Amino acid sequence: MPRASQLHLHCPAQSQYVAPVRHALTAFLEALEFERQSLEDITTAAGEALANIVEHAYVKGACPAECYFDLRASVNRRGRLCLDVCDGGLFLERAPLPGRGFGLRIIRAIAGELTIDTSSGTRVRMTFDCKK
Amino acid sequence: MSAGNAVKIIRLSGELEISRKYGLRAALTLSEDAAPVLLDLGEVTYADSIALTELLRLCVDAQRSDRPVAMVIKTPQFARLVQYAGLAGAFKIFDDETAAREYLAGLTRR
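So the sequences go chain by chain: A and B. Going left to right, the first sequence walks through residues 0 to 131 as numbering that gives the first Met the number 0 numbers them. Going left to right, the second sequence walks through residues 0 to 109 as numbering that gives the first Met the number 0 numbers them.
Keep in mind that the hints were calculated from the coordinates and are not lab data. Nothing here was measured: the structure is a model prediction, and the numbers come from that model. Check before you lean on any hint, since a few could be wrong.
Stated by the list, open to error - Computed from the model, here is a short list of chain A residues facing chain B with C-beta under 7 angstroms:
1) L31
2) E32
3) F101
4) L103
Claimed, not checked - Derived CB-CB ranges, DEER-like:
5) A:H9 - B:S12: 26 to 32 angstroms
6) A:E29 - B:E101: 17 to 23 angstroms
7) B:D94 - A:E112: 28 to 34 angstroms
Claimed, not checked - Selected chain A positions facing chain B (in silico; Cβ < 10 angstroms):
8) L6
9) H9
10) Q13
11) S14
12) V17
13) T43
14) R107
15) I109
Beta carbons are placed, not taken as given, at the ideal position from N, Cα and C, and that holds for glycine.
Please take these sequences and the hints and turn them into a complete structure.
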C-alpha cells in the first residue's frame, strides 16, 4: 500500500508568487505520475484559487506581513487528491460583473467537490479523483 | 505586435497569468485603425481567468467598432480553460494561423 503524499507551501499573497506555487504543484503531481490532463486541470484550479486571493482577499493598505496564501495538497492512499487553498483575509460575496468572475466557475467545472469555509479567513477545499 | 495584409496581428507567448495582468491589458488594447484582429496565442503555454477577462475585453471593444477577431489557440490547457469558463461561444477560435486568416479574409470580402 503506497504512503500518502503531501505538499505545503506558504507565500506572501502577491501576484509574482502564484506561478512558482503552481509550478511546485505541477512538479508534485508529476512526481506522483498524474496523467497530463488531470495535472493541468488541477493546477489550473489551484491557480484560479490563488489568483482570487491576490485579487480580492486583502484590503488595500493591509499589512503585507499579514497577507499570505497557503496551499496544501495531499493524496491519500486511495489516490484521491485534496487541495486546500487558504488565506487570512475577507471573503466577500460580490454581484457578478459582466466579463468577470470566471475563476470560481472554472474551479467548479474542474473539481470533483468544492467547499468554501469562511469561518476564519477563507479555505477553498477542492477534491479530485486522480487519474494516473 | 505587427500589421500585415491589413490584419492587425497580436502575438503572445508563455504564461498568461495574474502577474502579467497589466502587460496583457496594454498588449490587448486596440489602436484606432479598423483592421481585423488576429490574436496568435499558439505559443501560450498556460492561461488563467485574468487572461480570459482581458481577451474578452478586447473582443467587446472590437465588436463595438465592427472589427472581427480571430484567435489561434493550440495549447490543450488553454482550450479547455475557455470551455470551463463557458466562453467557447464568445471567441472565434482556430488551431492554426492559416485558418484564422482565411476566416478574417472571408469576412472582409463580404
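Hint-by-hint comparison with the structure:
1. L31: At about 19 angstroms, which exceeds the 7 angstroms cut-off, the nearest Cβ of chain B leaves the hint on L31 of chain A violated.
2. E32: It is violated, given that the least Cβ distance between E32 of chain A and chain B is near 18 angstroms, above 7 angstroms.
3. F101: Hint on F101 of chain A: holds, closest Cβ of chain B at ~4 angstroms, below 7 angstroms.
4. L103: violated, 9 angstroms
5. A:H9 - B:S12: 26 to 32 angstroms: holds, 31 angstroms
6. A:E29 - B:E101: 17 to 23 angstroms: violated, 38 angstroms
7. B:D94 - A:E112: 28 to 34 angstroms: holds, 33 angstroms
8. L6: violated, 19 angstroms
9. H9: violated, 18 angstroms
10. Q13: holds, 9 angstroms
11. S14: holds, 4 angstroms
12. V17: holds, 5 angstroms
13. T43: holds, 6 angstroms
14. R107: This interface hint holds because 9 angstroms falls under the 10 angstroms limit.
15. I109: holds, 6 angstroms
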